[in-house]
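Undergrad: Residues per chain are reported as follows:
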Amino acid sequence: MSSEPSISAAHPIYRSTAKGIPNIRAYFSEFWRRRDFAVEISRAGLRAANADSLIGSFWLVLNPLLLAGVYYILVTLLSGAKITDPMRLPHIVGGIFVYYFYAACMTQGAGAVTSAGKLINNTSFPRLLLIYAVVRTAFFRFMPTIPVFFLIYLSRGQALNWHQLLAIPALMLLMSFSFGIAALLSVLQVYFRDTASFLPYINRVWLYVSPVLFYPERIFNHLGNLSYINPLYSLIGIWGEVLTRNESAPIQMWIAATVWSISTLVLSCLLFMVKERDFAVRI
Amino acid sequence: MISLSEFDIPPESTSDSSDINTSRLSKSVTGQRAILLENVSVTYKTAYDRQRGFKQILSNPFQRGEFKVVEAMDNVSLEVNHGTVLGVIGHNGAGKSTMLRTMAGILRPSQGFVEVHGRISTLLALGIGFNSNRSGRENILLGGLAMGMSRDEVEVKYQEILKFSELGDYIDLPVRTYSSGMVSKLAFSVSVHFDPDVLLIDEALSAGDAAFKTKARDKMFELMSSARTIVVVSHALSTIAELCNDAIWMDHGKLMGRGEPQEMIDKYMEHVHVKNSAVTNDDF
Numbered sequence: 551m552s553s554e555p556s557i558s559a560a561h562p563i564y565r566s567t568a569k570g571i572p573n574i575r576a577y578f579s580e581f582w583r584r585r586d587f588a589v590e591i592s593r594a595g596l597r598a599a600n601a602d603s604l605i606g607s608f609w610l611v612l613n614p615l616l617l618a619g620v621y622y623i624l625v626t627l628l629s630g631a632k633i634t635d636p637m638r639l640p641h642i643v644g645g646i647f648v649y650y651f652y653a654a655c656m657t658q659g660a661g662a663v664t665s666a667g668k669l670i671n672n673t674s675f676p677r678l679l680l681i682y683a684v685v686r687t688a689f690f691r692f693m694p695t696i697p698v699f700f701l702i703y704l705s706r707g708q709a710l711n712w713h714q715l716l717a718i719p720a721l722m723l724l725m726s727f728s729f730g731i732a733a734l735l736s737v738l739q740v741y742f743r744d745t746a747s748f749l750p751y752i753n754r755v756w757l758y759v760s761p762v763l764f765y766p767e768r769i770f771n772h773l774g775n776l777s778y779i780n781p782l783y784s785l786i787g788i789w790g791e792v793l794t795r796n797e798s799a800p801i802q803m804w805i806a807a808t809v810w811s812i813s814t815l816v817l818s819c820l821l822f823m824v825k826e827r828d829f830a831v832r833i
Numbered sequence: 455m456i457s458l459s460e461f462d463i464p465p466e467s468t469s470d471s472s473d474i475n476t477s478r479l480s481k482s483v484t485g486q487r488a489i490l491l492e493n494v495s496v497t498y499k500t501a502y503d504r505q506r507g508f509k510q511i512l513s514n515p516f517q518r519g520e521f522k523v524v525e526a527m528d529n530v531s532l533e534v535n536h537g538t539v540l541g542v543i544g545h546n547g548a549g550k551s552t553m554l555r556t557m558a559g560i561l562r563p564s565q566g567f568v569e570v571h572g573r574i575s576t577l578l579a580l581g582i583g584f585n586s587n588r589s590g591r592e593n594i595l596l597g598g599l600a601m602g603m604s605r606d607e608v609e610v611k612y613q614e615i616l617k618f619s620e621l622g623d624y625i626d627l628p629v630r631t632y633s634s635g636m637v638s639k640l641a642f643s644v645s646v647h648f649d650p651d652v653l654l655i656d657e658a659l660s661a662g663d664a665a666f667k668t669k670a671r672d673k674m675f676e677l678m679s680s681a682r683t684i685v686v687v688s689h690a691l692s693t694i695a696e697l698c699n700d701a702i703w704m705d706h707g708k709l710m711g712r713g714e715p716q717e718m719i720d721k722y723m724e725h726v727h728v729k730n731s732a733v734t735n736d737d738f
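Chains as they are written, first to last, in the working numbering: chain A, 551 to 833; chain B, 455 to 738.
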């Protein structure tokens, strides 16, 4: 016991009290400081996925491509609809690709906390990092599908246009919404373990009622302004409009998408932060 | 494994000790506060009879599952200064592990206030935070990053950890392929090599074979000599007596006493009517 201790300057103090939600500023400061932790979880997940398969990461492209092919056959050929619109295939492919990014956030997000039992029981860190890791992983699995989409788009004789740049803010809004939904589902799964079991059905229904396989006006013609109750009507609707129809999407869609995205992100994260103090005794 | 967080709301005042429970005793080694618990209680509900049969669900779909309220810590106040090696003894269910996990920030107090100064590292008996599908190398990186270290800082420590853990080429294999002794060695190596200011150990000192135990003990003494704060929960009373310069005794969530390790051990043994034997002493 001879020498004086030198306390790590970067870790001056940890305080925990019984009441109230965590200090938001301190929480996100800690979140930011440990972001590499989430990045590494995500990277390891990406490396592990399909590691044992013959064609490995090529499945990242092949899987949504096959799904898009199946849905294209269902929607156009089997339904007997005439294929007069050259953009129908790119619309379905682009929609399926981005929807499966969202669906991955939902399903992986639901298990993000319950599958991290050992980590949560042994380590103190802002648990939202687990959600960040899930969304990052889903995003990097989605990325390879973008060039595939543009190959299909260009193969239909279409030219690139400036409206397609609006897909970037559209994707950011969808990512924020996906982050919020992933956080919400992860909390629900801690308290109601049946949540994840319902997700395959919710995913399927949500796909059919969103403008993934159909253009947004087809839904709007049936439901009118009620269409905006479905967040994906505006969030994925914009994506399809700007990417495949050379349009910037109606302003109402942008407003609805922004409101859904920000409100879901903020409210779900607050709920998560309040509830995360219980995770260690609940999982 | 390793933990630290500092994202809770600080209280209005942390310096006013007037409301601190009189059972808190302070033992100064360096005069620098490392850990403060003020009137900390930890209560949580745990579900049992969670699985209801199909018939039960049909007969009463809205009946909620049975819950038991666990009072794991009851109004515990404690101050530990840097340089202290604090032993925690008590029966199973006394609240020892809960106290460590509360200090680590894994559990939040239901009442009271916890303050820890410095970088915390934990070595807990509940299982290390390793992902068994990932390699030892990846888990070392994850452990360091979880602690808030940068990749470069972890890289600097990596070789030391690899050498100390004696895992050799196994370091690149998934942790699920390790023996339990190898996992323990890796966990111990990770927890002590990331320069913790406060090291929290829960029933996890008996890592590895005889040679490794000796090395682990030497490493513990090295940490102690550099005035780190160590809190050790162990049923191996000889370990407490050998390693610690301070001890507390817990019983049913309450702090029963604090003092010299041997004094606390004697009181505890007297309380549970058990005599000193090899069974109560073994660890390192």
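The set of hints was computed from the structure by calculation and includes no laboratory data.
A hint or two may mislead.
[What the hints assert, rightly or not] Residues from chain A that face chain B, not an exhaustive set, calculated with beta carbons under 7 angstroms:
no.	residue
1	Ser566
2	Arg584
3	Thr657
4	Asn775
On a predicted model such as this, the values are computed, not experimentally measured, just so you know.
Don't be surprised by glycine CBs; every beta carbon is placed ideally from N, CA and C.
Undergrad: Would you mind marking each hint as holding or not holding in the structure?
TA: Outcome of the hint check:
no.: 1; hint: Ser566; verdict: holds, 4 angstroms
no.: 2; hint: Arg584; verdict: holds, 5 angstroms
no.: 3; hint: Thr657; verdict: violated, 19 angstroms
no.: 4; hint: Asn775; verdict: violated, 36 angstroms
Going through the hint list in order, the structure does not satisfy hints 3, 4.
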